[in-house]
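Visitor: Start from chain A and add chain B according to the hints.
If you read the protein sequences in the order shown, they are chains A and B.
Here my numbering is used: position 152 in the first sequence is 152, and no number is missing along the way.
Here my numbering is used: position 209 in the second sequence is 209, and no number is missing along the way.
Fair warning: there could be bad hints in the mix.
[Stated by the list, open to error] With a Cα cut of at most 25 angstroms, we get these calculated BS3-like pairs of lysine-lysine:
hint	chain 1	residue 1	chain 2	residue 2
1	A	Lys150	B	Lys41
2	B	Lys4	A	Lys249
3	A	Lys109	A	Lys78
4	A	Lys109	A	Lys21
5	A	Lys203	B	Lys41
6	A	Lys198	B	Lys41
7	B	Lys58	A	Lys150
8	A	Lys22	B	Lys294
9	B	Lys4	A	Lys211
10	B	Lys4	A	Lys222
11	B	Lys4	A	Lys215
12	A	Lys21	B	Lys294
13	B	Lys294	A	Lys150
Hints were generated in silico from the structure; no laboratory data involved.
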Amino acid sequence: MENKTKNACDGCSQYSAKGLKKLGVNTENIDFVVALAGNPNTGKSTVFNALTGLRQHTGNWPGKTVTRAEGAFEYGTKKYKLVDLPGTYSLLSTSQDEEVARNFILFGKPDVTVIIVDACRLERNLNLVLQILEITDKAVLCLNLMDEAKRRNIHIDERTLARDLGIPVVPTSARFNEGIPELIKTISEVANGSIICKPHRIKNVPDNINKAVQKLSVEIEKQFPTIPNSRWIAFRLLEGDSHIINALKTGELV
Amino acid sequence: MNNKPIDTIIELSNDLRWQIGDDFHDNLAEGIYADAAEIVKGSVHTDQQQKQFRLDAKIDKIITSKTFGFPLMFLILGIVLWLTIIGANYPSSMLANLLLDTIHPALKNVASGIGIPWWLDGFLIDGVYLALAWVIAVMLPPMAIFFPLFTLLEDFGYLPRVAFNLDYLFKKTGAHGKQALTMSMGFGCNAAGVVATRIIDSPRERLIAIITNNFSLCNGRWPTQILIATIFIGAVVPKALSGLASVGAVIGIAILGIFFMFMSSWALSKTVLKGEVSTFNLELPPYRPPRFWKTIYTSLIDRTLIVLWRAMVFAAPAGAVIWLISNIHIADQSIAYWMISSLDNFGFLIGLNGVILVAYIVAIPANEIVIPTILMLTVLVTGIAGGEGAGVMFELESASETGNILRAGGWTLLTAVNLMLFSLLHNPCSTTIYTIYKETKSVKWTSIATLLPVIMGLIVTFLVAQIWRLAF
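Here chain A stands alone, though its shape is the one from the complex:
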């Protein structure tokens, strides 16, 4: 009996990552670019290794990855390039590692951004998640370290979370390879457009700021009709971010 159930699981497309081929550092003829973002020490490099078959060193301290690492995998018939970004708490860009992460999400225009969060510290991690969702609308939330959350009796209702954030949520324990097949499948579905995200946009903004942002983003959209993140750019312009001002001038953002 038990065997049978096991086989049934194996056969199910939800379970199996049969189409997965780890390509290591071979990033030629890529169909999609996938970015891995998240707070420090949430297991980005572990997920990266699980997907690419590479053995990027992982460590239990914030700030282990300071440069971006690249690798690739093949799923179905498509090839995905995976970029492991340095861990950051926000995208306000003060240190070099934070800038690497922000610039890649903004200028690298990944096809999918996988945001990896620590399931035990969801609230704190959401700070970065909500910022990323202002920039890109193709994202997957990887709820990592579920094993630790379970040990601490933290229960997360993934469906509600997915509905609130407007992006798919996949629970994983990357250290033990749990949830990785589902993650791959979800990444591919977002990449090829069979899942359309409707990302959460920051709501609790005071009225005066909201009005200013709206005014500004209307102007931005007038100039760049295809821009997906006019609201975020408006935020940055109001902040006086010289990097973004320059990028607007050079047309890098479009």
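Guide: The following block gives chain B in isolation, referenced to the frame of chain A:
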């Protein structure tokens, strides 16, 4: 592209910025947090007892406490070093047996069998091959023990606690608390430590971290410290205590390095790199039981072999240079001889000798080959029997035999102590210098980072030598 509309956008944003006032940043941050709180409220449910978390907090209370924090840190460092020193002995001598005593003569035989000229044979087999073999025999075992141990500690979550313990001291010296992390990386490899400074936000504090990283005793220098401490420091105490004394001396040097790191961080932040200390959040991650075998495997592949490869790449040409300077003669004496005798007086002044200084010049590419070079040059100058010929790096059966050769070369306890000090305080290896240049993009800061430790080393060894000679 027409820039006009963009200018209007930017102008509009400037106007709006005035209207919404100063608290924009805080308001936005608060908005994000409020959103996050709402979302979490709807989807996360936590049971009341958080036992795991309490255990974490309890461990943290002990290892980051004011009383136990530092002693525990030194104890852990001591245990890791002890395991490295004691454990590396056997595989090291086995490798030396294989590479130096078995393969080297075999290669020589083959070479003379096919009749290649003596200079080519000497250059390739006695120069390049022996340098490589030495680096592998001396470096591979300690690295294969030290790196996995270090990685296990890292995976467990200990490093951020070290940073937490040291933060107060770093703040006092005007440096960034995260420098504790980059310093720890430096104990493995300074070049890696320099790259790791990217986690430091402020350019001022990052420069301090880069310049002072060399004071972390790196993997290429541990073997020198260990060997000299075993021969000379271990010998002045009763036999039963010699192991303990050697480990103590090595830890002493490592701690002295940390002391110099703090001193020069302080001096830099009070002079050329003045500025405010920036605050930062340091998250103490949960303790995670490391995945033992996986960690061992990746640290062997990622760190040990990469560092070893780098060392070999640099050691090969250095071995060739050593052979050349001992075999090219100018007016009846080899170049090595001329270099040594011209540096001898200066060497005496700082309690070292010409041989050691020449060895340090030759070994700039890779610190690992300092000791074999010193031995080879000592034999060359004193002309004692036991060496294998001009420019041949060799390894001696035991530490005591090495000691005999060095004593015959005029070494005293002072020479040993000063060599240990100078090994700690001298210029970074060429890889690290290059990495510093890549990270800072500045010739000025690269030069400072390179010269500062040498100057300090010369001053310290000079003072030690003078005081020593007055006292004894």
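Visitor: Now look at each hint and say whether the structure bears it out.
Guide: How the hints compare with the structure:
no.	hint	in the structure
1	A:Lys150 / B:Lys41	18 angstroms, holds
2	B:Lys4 / A:Lys249	10 angstroms, holds
3	A:Lys109 / A:Lys78	18 angstroms, holds
4	A:Lys109 / A:Lys21	24 angstroms, holds
5	A:Lys203 / B:Lys41	15 angstroms, holds
6	A:Lys198 / B:Lys41	20 angstroms, holds
7	B:Lys58 / A:Lys150	20 angstroms, holds
8	A:Lys22 / B:Lys294	18 angstroms, holds
9	B:Lys4 / A:Lys211	23 angstroms, holds
10	B:Lys4 / A:Lys222	13 angstroms, holds
11	B:Lys4 / A:Lys215	18 angstroms, holds
12	A:Lys21 / B:Lys294	21 angstroms, holds
13	B:Lys294 / A:Lys150	23 angstroms, holds
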